[in-house]
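Trainee: Spelled out from the first residue to the last, the chains are:
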Amino acid sequence: MSILAIDTATQVSSVAIAQAGRLQAEITLQARLTHSETLMPHIQQVLDMADTKAADLEGIAISIGPGSFTGLRIGLATAKAMCYALDKPLVTVSTLAALACHLPLPGICLLPLIDAQKGNAYYARYHWENGGLVAEDEVSVGAMADIVAGCAAEKRPVILLGDVTQRRIAGCMELPDNVTIAPAHELMPRAACVAMLGLRELAQGHTANVMDAAPIYIRRSEAEVLWEKRHPESVSTQEAHAVLVPTEGKS
Amino acid sequence: MFTCKTKSPAETLQLAQLVGKHIHEGTVLALVGDLGAGKTLFVQGLARTLGVEGEVTSPTFSLMNIYDGICRLYHFDLYRLETEAELENIGFYEYTDEPDGIVLIEWADKFPEALPEEYLRIDIERNGDEADADERVFTFSGVGEDNEEFVKELEKLVYLGH
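So the sequences go chain by chain: C and D.
Number 258 marks the last residue of the first sequence (the working numbering); no jumps.
Number 395 marks the last residue of the second sequence (the working numbering); no jumps.
Hints may be right or wrong, so weigh each one.
Said to hold, decoys possible - Simulated restraints, written as ranges between beta carbons of each label pair: (1) C:Cys179 <-> D:Glu388: 31 to 37 Å; (2) C:Asn216 <-> D:Ser295: 24 to 30 Å; (3) C:Gly178 <-> D:Lys254: 32 to 38 Å; (4) D:Asp365 <-> C:Gln37: 47 to 53 Å; (5) D:Lys254 <-> C:Glu145: 22 to 28 Å; (6) D:Ala318 <-> C:Ala160: 30 to 36 Å; (7) C:Met47 <-> D:Asp365: 49 to 55 Å; (8) D:Glu317 <-> C:Glu145: 22 to 28 Å; (9) D:Gly377 <-> C:Glu145: 34 to 40 Å; (10) D:Asp333 <-> C:His238: 40 to 46 Å.
FYI, nobody ran anything at the bench for these hints, they're computed from the structure.
Don't be surprised by glycine CBs; every beta carbon is placed ideally from N, CA and C.
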């Protein structure tokens, strides 16, 4: 039994059909196209390529964010509508966790960074342990430059992934010695990873409610926004440090 | 910053065409003016010049229209929005942060804090005189180095052309 996976959290549009232990087909594009125009035709194509009927799917996995507001809503609305019409279970997968599946290497801190605009990024740290992915913290928002600088306090290699790594960090920013950037073909989300995590969620019965599942939007509180306006010089640096830099290493 | 006048909608279209011929991809253009000032007319002239063929109308209810011309145009109308937080709901900053085309924002002055660090601003005002109901005063100003340069360039073009 196969599942369909969708990732439209960034400017990449990716769809995949997979079953346990096997990726059957995937279409991944990073082009200046609108997700709303390409997604349904790609789903049709990937189903055809995998010789799978929509009615025979076991479920649908969606990359739930954080990410582009517009992209996430196009992906989730599509997944929900298909699940509802076909009466299939919906599973949600963190966009950041799916990115961390690109490099399943032990002993390394994987740090996916997704654009939160105005120099900010959504981020969370991950590592691989005994063949499993471990999330080290909750998803946060912080100033990109501070998140990257904060990596210097890590006592292990850090690999950066995600759309802002591609657009704003690679070649634009000085990196601490222990920090590297993932290879270009691993930087952006792929539905194959969403499918693999989704299959596991589905096997464990972790399904979402088709009627009220919502994308992960992380916003700064009104208070933070107001503080920033009144203190333009101190743009949310503390938030990033609070999570990434251990207190003892801060001095 | 400079100011110029148009005496009719046709002249406003001509001015928009002039701006359209020279505007750079990646520009955010803030349009400020009362109802009926001619913001949408200006966008229409600009869009035609940039090769947009379909209908161009104010996205008062859809909030944003996307047009494909020689580059992509994102046309916002913020008239109906009440709070700045609503801009996050429509993914506004995803379009204004290093835009991949040209971003046109009507009623941009409603949320001045939401505008990017660099943008081009056009204020459109009526003359106030009943006898010249079709006359409009355009004020061009640039925020950020590139936009300031562009406004200087436009000033020369406008006064050479008129």
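Trainee: All the hints need checking, so say for each whether the structure fits it.
Mentor: Hint check:
no. : hint                              : in the structure
1   : C:Cys179 <-> D:Glu388: 31 to 37 Å : 33 Å, holds
2   : C:Asn216 <-> D:Ser295: 24 to 30 Å : 29 Å, holds
3   : C:Gly178 <-> D:Lys254: 32 to 38 Å : 33 Å, holds
4   : D:Asp365 <-> C:Gln37: 47 to 53 Å  : 52 Å, holds
5   : D:Lys254 <-> C:Glu145: 22 to 28 Å : 50 Å, violated
6   : D:Ala318 <-> C:Ala160: 30 to 36 Å : 34 Å, holds
7   : C:Met47 <-> D:Asp365: 49 to 55 Å  : 52 Å, holds
8   : D:Glu317 <-> C:Glu145: 22 to 28 Å : 26 Å, holds
9   : D:Gly377 <-> C:Glu145: 34 to 40 Å : 36 Å, holds
10  : D:Asp333 <-> C:His238: 40 to 46 Å : 32 Å, violated
Violated hints, in rising order: 5, 10; the structure is consistent with all others.
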